[in-house]
Amino acid sequence: DQQVKQNSPSLSVQEGRISILNCDYTNSMFDYFLWYKKYPAEGPTFLISISSIKDKNEDGRFTVFLNKSAKHLSLHIVPSQPGDSAVYFCAASAYNAGNMLTFGGGTRLMVKP
Amino acid sequence: NAGVTQTPKFQVLKTGQSMTLQCAQDMNHNSMYWYRQDPGMGLRLIYYSASEGTTDKGEVPNGYNVSRLNKREFSLRLESAAPSQTSVYFCASSEGPLYGYTFGSGTRLTVV
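Protein chains in written order, with the working numbering: chain A, 163 to 275; chain B, 64 to 175.
Simulated from the structure, these hints should not be mistaken for laboratory data. Any given hint might turn out to be false.
Straight line, CA to CA, 30 Å or less: simulated DSS-like cross-link-like pairs of lysine-lysine [unchecked claim]:
1) Lys-77(B) - Lys-120(B)
2) Lys-233(A) - Lys-120(B)
3) Lys-134(B) - Lys-218(A)
4) Lys-77(B) - Lys-167(A)
5) Lys-216(A) - Lys-77(B)
6) Lys-230(A) - Lys-120(B)
7) Lys-72(B) - Lys-199(A)
If you anchor each label on the Cβ, the simulated ranges turn out as follows [what the hints assert, rightly or not]:
8) Pro-244(A) - Phe-73(B): 25 to 31 Å
9) Val-175(B) - Pro-275(A): 16 to 22 Å
10) Ser-168(B) - Ser-172(A): 21 to 27 Å
11) Lys-120(B) - Lys-167(A): 20 to 26 Å
12) Thr-173(B) - Ser-174(A): 25 to 31 Å
13) Ser-168(B) - Lys-167(A): 25 to 31 Å
14) Leu-132(B) - Thr-207(A): 21 to 27 Å
15) Arg-171(B) - His-234(A): 31 to 37 Å
Given the structure is predicted, the values throughout are model-derived calculations rather than measurements. A virtual CB, placed ideally from N, CA and C, is assigned to each residue, including glycine.
Chain A on its own, in the form it takes in the complex (with noise of 0.2 Å):
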């Protein structure tokens, strides 16, 4: 069973527009969530991340947002660009689980221009 969900496997948006990943878990005991960015014959690369003592976290035109009560997190890309178009994975650690890393099934975002 899946603890790391990403029901979309697909999102596509319009350049300038905002893209809004998602990202559902089931376990409780995550306490930092991240989010990775894969180019076709890359390997990930981290984006940006949130501990579970926050419910946003911003870096530029990327902001995570965390929903602990839902078990939900979100990942808005705002504006849009061409450049962004890859496959995002969202991660979760547990502190009392040696902090490894649990990933979801990824979303591929395809920016128009």
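Following the hints, position chain B against chain A.
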């Protein structure tokens, strides 16, 4: 500034053959990891090494073995490859997840 280096980048094996995937990092990280990526499944942890001299099983360890040769190198071995092991394999290193993982560029393995 190499980061995490994986070799080879591509490999085709016949069922039953063995091979070792190599991984090296130059960031002096204590922890290293092996993941596999399959369509719709995200990245699943095969084995990890929290520090030099220690290794532990992850979510999908069956059919694999690992060696933490020293602080820099962490290898993944397939003793008898099976078609179910066709996947893209990623090695990563970290000082801890609060700092994120640094991933290699992956090894695309096909078992026929």
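To see whether the hints hold, each was checked on the structure:
no.: 1; hint: Lys-77(B) - Lys-120(B); result: holds, 25 Å
no.: 2; hint: Lys-233(A) - Lys-120(B); result: holds, 27 Å
no.: 3; hint: Lys-134(B) - Lys-218(A); result: violated, 35 Å
no.: 4; hint: Lys-77(B) - Lys-167(A); result: violated, 33 Å
no.: 5; hint: Lys-216(A) - Lys-77(B); result: violated, 49 Å
no.: 6; hint: Lys-230(A) - Lys-120(B); result: holds, 29 Å
no.: 7; hint: Lys-72(B) - Lys-199(A); result: holds, 20 Å
no.: 8; hint: Pro-244(A) - Phe-73(B): 25 to 31 Å; result: holds, 28 Å
no.: 9; hint: Val-175(B) - Pro-275(A): 16 to 22 Å; result: violated, 40 Å
no.: 10; hint: Ser-168(B) - Ser-172(A): 21 to 27 Å; result: holds, 23 Å
no.: 11; hint: Lys-120(B) - Lys-167(A): 20 to 26 Å; result: holds, 23 Å
no.: 12; hint: Thr-173(B) - Ser-174(A): 25 to 31 Å; result: holds, 30 Å
no.: 13; hint: Ser-168(B) - Lys-167(A): 25 to 31 Å; result: holds, 26 Å
no.: 14; hint: Leu-132(B) - Thr-207(A): 21 to 27 Å; result: holds, 26 Å
no.: 15; hint: Arg-171(B) - His-234(A): 31 to 37 Å; result: holds, 33 Å
Violation of the numbered hints given earlier is confined to hints 3, 4, 5, 9; the remaining hints are satisfied by the structure.
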